[in-house]
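Input sequences plus hints: build the corresponding full structure.
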Amino acid sequence: MIRKKTFLPLLLLLLGWFAASGVQAQNDLFISKVFDMYGKKKGVVMVDLSGEILEQYRLTRFRSITIKDDPEAATFARKCLERDQVGAKKIKEVVTNGIPTSIYLQLPRLGQDNRLILFNESRSGGLRITLIYIESNDDTEAILKLLLKKKQ
Amino acid sequence: MKKYLTIEEVDALFKKYYNGETSVAEEELLQDFLKQEGLPERFDAERALFGYFAQEKIPPQTIWLRLNPFLKWSIAAAVLISGALILDNRVQAQNCNVAYIDGIRCTNSKEVTELAIASIQQIDLGADEVAGTVDKMNDNNLVESQLQQFPELK
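Here the protein sequences line up with chains A and B, keeping their order. So for the first sequence, the working numbering puts the first residue at 1; every next one is plus one. So for the second sequence, the working numbering puts the first residue at 1001; every next one is plus one.
Calculated from the structure, these hints are not laboratory results. Hints are supplied without guarantee of correctness; some may be wrong.
Within a straight-line C-alpha distance of at most 25 Å, the following computed DSS-like cross-link-like pairs (lysine-lysine) qualify [stated by the list, open to error]:
| no. | chain 1 | residue 1 | chain 2 | residue 2 |
| --- | --- | --- | --- | --- |
| 1 | A | Lys145 | A | Lys90 |
| 2 | A | Lys40 | B | Lys1110 |
| 3 | A | Lys149 | A | Lys90 |
| 4 | A | Lys79 | A | Lys90 |
| 5 | A | Lys40 | A | Lys68 |
| 6 | A | Lys33 | A | Lys92 |
| 7 | A | Lys89 | A | Lys149 |
| 8 | A | Lys92 | A | Lys79 |
| 9 | A | Lys68 | A | Lys41 |
| 10 | A | Lys68 | B | Lys1015 |
| 11 | A | Lys149 | B | Lys1015 |
| 12 | A | Lys90 | A | Lys42 |
| 13 | A | Lys145 | B | Lys1110 |
| 14 | A | Lys42 | B | Lys1110 |
| 15 | A | Lys33 | A | Lys79 |
| 16 | A | Lys92 | A | Lys145 |
| 17 | A | Lys41 | B | Lys1110 |
| 18 | A | Lys42 | A | Lys68 |
Sample of chain B residues at the chain A side, in silico, Cβ under 8 Å [claimed, not checked]:
| no. | residue |
| --- | --- |
| 19 | Leu1039 |
| 20 | Phe1043 |
| 21 | Val1098 |
Keep in mind that this is a model prediction, so the values were computed, not measured. Glycine included, each C-beta is placed from N, C-alpha and C at the ideal position.
What follows is the structure in structure tokens.
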């Protein structure tokens, strides 16, 4: 049995741990589970950027994950997106054969952060899904313009 | 059972007190007596005297001082570690520049940025379509213009 005097410091440590892990804005989203579950697996490329490196792009957070040849992960990502769509604005959705293959979501602002989720599924040359999460103080239009510029 | 003193007994005890002959128990009796409301003014000096000593005798003790030293240091350590965790997490979140390729960590800024741009290029942005949708989202008259398509609603 845990003694009372050891319980209190343990409780404080746990609270500190929770406080530390709960400071990231995207933790309230279901798609964060995709990053957590598949981010370090084989056949996956995950990128996580924040801070100074993004200042020139006026972004505060950029996370992306590309998963190849994993239908289970694709299904899971789509389910997470469905959950995150609640309360979000859908900017674009492309459905192919009844399956959403391209989705852009504008999430409700969290403080000053405008948050976007971009999802794409491609089957040319094998199944490949790409999921991007972006935080910025800019509005959606400015973020998408920036992304289009980077794409060209 | 608590003993209640008569004025005569109190006077006698004060006499003993000033002669330095009272016991601790007798001094406590005097303190209890002086705590009462509505005492004659002639006891004001003793009230002030005993009030002062009573305050001095029982210094205010905080819970912290009464804690077991082990617990005290454990709590201090827990608070410090928690603070360090929060700080570390915030610093990491503020300046993160990392990629995982097949589970292998990469912190090379150039490579990470290239991978980020590559992931953007994999997204089918459809420039015109997205721009059009964003414009519509920003258009405050959108609902009104759409309703105009249904004149029977007017």
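Do the hints match the structure? See the list:
1. A:Lys145 x A:Lys90: Given that 25 Å is the threshold and the Cα spacing comes to 17 Å, the pair holds.
2. A:Lys40 x B:Lys1110: 20 Å, holds
3. A:Lys149 x A:Lys90: 21 Å, holds
4. A:Lys79 x A:Lys90: 15 Å, holds
5. A:Lys40 x A:Lys68: 13 Å, holds
6. A:Lys33 x A:Lys92: Answer holds: A:Lys33 to A:Lys92 is near 23 Å, not above 25 Å.
7. A:Lys89 x A:Lys149: The given pair, whose Cα atoms are some 23 Å apart, holds under the 25 Å limit.
8. A:Lys92 x A:Lys79: 17 Å, holds
9. A:Lys68 x A:Lys41: Measuring from Cα to Cα gives roughly 10 Å; hence the hint holds.
10. A:Lys68 x B:Lys1015: Between A:Lys68 and B:Lys1015 the Cα gap is close to 98 Å, so the pair fails against 25 Å, i.e. violated.
11. A:Lys149 x B:Lys1015: 98 Å, violated
12. A:Lys90 x A:Lys42: 31 Å, violated
13. A:Lys145 x B:Lys1110: 22 Å, holds
14. A:Lys42 x B:Lys1110: Distance of about 22 Å is within 25 Å: holds.
15. A:Lys33 x A:Lys79: 11 Å, holds
16. A:Lys92 x A:Lys145: With Cα atoms ~15 Å apart, A:Lys92 and A:Lys145 stay inside 25 Å; holds.
17. A:Lys41 x B:Lys1110: It holds: about 22 Å lies between the C-alpha atoms, which stays within 25 Å.
18. A:Lys42 x A:Lys68: 9 Å, holds
19. Leu1039: With a minimum Cβ separation of about 45 Å from chain A (threshold 8 Å), the hint on B:Leu1039 is violated.
20. Phe1043: With a minimum Cβ separation of about 46 Å from chain A (threshold 8 Å), the hint on B:Phe1043 is violated.
21. Val1098: This interface hint holds because 5 Å falls under the 8 Å limit.
Consistency note: the structure conflicts with the earlier hints numbered 10, 11, 12, 19 and 20.
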